[in-house]
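Colleague: Between the sequences and the hints, there should be enough to build the whole structure, so can you do that?
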Amino acid sequence: MKEILELLEKDARLTAEQIATMTGVPASEVKKAITKAERDRTILKYKTVINWEKFGQEQVWALIEVRVQPQRDVGFDAIAERIYRFPEARSVYLVSGAYDLAVLVTARTMQEIASFVAQKLAPLESVLGTVTHFLLKRYKEDGEILDGEEKARRLPLTL
Amino acid sequence: MQNIRSPISQRVMKISPSGIRRFFDLVSSMEDVVSLGVGEPDFVTPWHISEAGIYAIEKGYTAYISNYGLLELRQELSRHLKSRYSLDYDPNSELMITVGVSEALDLALRAILDPGDEVLAPEPSYVSYMPCTILTGANFIPVPTTVENEFKVQAAEIEKRVSGRTKAILLGYPNNPTGAVMDRAGLEQIAELARRHDLIVISDEIYDRLVYGVEHTCFASLPGMKERTIYLGGFSKAYAMTGWRVGYAAAPAEFIEAMLKIHQYTMLCAPVMGQMAALEALREGEDAVKEMVMEYDRRRRAIVKGLNEIGLPCFEPKGAFYTFPSIESYGLSSDEFVERLIVEQRVLAVPGSTFGECGEGYLRCCYATSLSDIEEALERMRRFVSSL
Ligand SMILES: Cc1ncc(COP(=O)(O)O)c(C=O)c1O
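Line by line, the protein sequences are chains A and B.
This note's numbering numbers the first residue of the first sequence as 138 and each following residue consecutively.
This note's numbering numbers the first residue of the second sequence as 1006 and each following residue consecutively.
None of these hints come from the bench; they were simulated from the model.
The reader is advised that the hints may include incorrect statements.
Said to hold, decoys possible - If you want a taste of the chain A side facing chain B, the calculated C-beta under 8 Å gives, among others:
1) T158
2) T160
3) V268
4) P293
Unchecked claim - With a Cα cut of at most 35 Å, we get these calculated DSBU-like pairs of lysine-lysine:
5) B:K1019 x A:K139
6) B:K1295 x A:K277
7) A:K169 x B:K1295
8) A:K277 x B:K1064
9) B:K1295 x A:K168
10) A:K139 x B:K1087
11) B:K1231 x B:K1157
12) B:K1157 x A:K173
13) A:K184 x B:K1310
14) B:K1310 x A:K173
15) A:K274 x B:K1231
16) A:K169 x B:K1231
17) A:K182 x B:K1310
In this text, all values refer to a predicted model and were calculated from it rather than measured experimentally.
Where a beta carbon is used, it is the ideal one built from N, C-alpha and C, also for glycine.
Modeller: This is the structure we're talking about:
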């Protein structure tokens, strides 16, 4: 099961038959394992990592540090949920250190992000303060290097 | 050169240039070729290893070093061979670092052979074995292996060819080009024979880490064999370090001393930055090796299944990263098959005959390439064989 998940994490387009061939596990079992993982949300989604800059579409990213006041009984979870429900929030993490929540936000312009912070995030009741860092360049995304793809520089024929 | 009488030495003239040159020229003018013709990993060197090499250069490790090679690396290798194969090699006198297994092989042969001596070696085998033997003036006596025995060499076949001039047996398992792995029992029979006929064994175990579902038996670890074995090991394949040019030889001091004599006058030393990177590989590279082996194993299953399905029967290879499918039923020589496969479907494989006469009727297909390339190659090969 672990190997099936690892393979799919690297390449979501692998078919059950391909995974079966590579692992030696019968295809019917691979299918069953995948279906089960999809049902219990071990597999959340199949996505594509896209280099939007290459496509020519501007995309602005910001990492927002959020300091919050934890609430009785629910701790940070309730405020985290208030934030992660916004579609602008691509990733939301609770972190240790000088602030509490790290929120990764994308939008088409800096203006959009600024207004998201000013209008939506900062005014939330338990938010004590925010610091916004705009991303200047994305080098590596989800394990993939965006520029300068590493092609094996091999001769086509060696003995 | 008109007025130079016989400008090239007889020995060099005896070596035929590699016949695959023309395939190389053929594909370099083409785009969209899928190559199963490589003999090295498609992974780049794990970054922590490359980083160690860069660090070495930054720190000024850019000079000659001991002919034997970096002492720390020999010490680490000594520990490595002890823990993997329970072998005791003294890092000061029984181990030397070479410019790849390529150099170690050449040194071993030159150190032990005189003109007229004979070397027995299984075929199909790695392309360097025969020419390096011939360059010493010795004779290369191939011992054919067959698919019926999964290309494991049979002790009886070796013994049949032993003569008064036989000096050594040259083994290369896991095998390039067949992917065959010797089992312990088979090696024990060869050990017994080596003892009986007082033969030296040169064992090229560069693919020792690349085995799938079976254990690699190190020849020198068999009882009584360390004293008559020259063990050749490398970094190129297991750690994806072909370009760094580092390998090593482990053998009784008498052999190493003789090999070192040649090495110090012809090579001086292997590149120090490569040796520093190799040290990092030995110390911290285990996870990377395991991950790459797992990945090769997946591709191995995919290509073996695929080849068998499209009508290119192939036994299940248990080591290295090669498959050796049979093309016998198509009535083409392996050379013709490969040439037409390139021209008609732009897939490159290596003719089995490159690796010795008994490789005729087979192809070497390397699976150290991405799964999508393997699938594309299989689909094109399917089209090709169904057109025959
Ligand atoms: C069987 C065998 N021995 C030795 C070598 C050469 O290895 P190195 O890079 O260590 O010189 C190769 C490379 O293809 C090989 O296949």
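Colleague: Going back to the hint list, which numbers does this structure go against?
Modeller: Going through the list in order, the structure violates hints 3, 5, 12, 15, 16 and respects the others.
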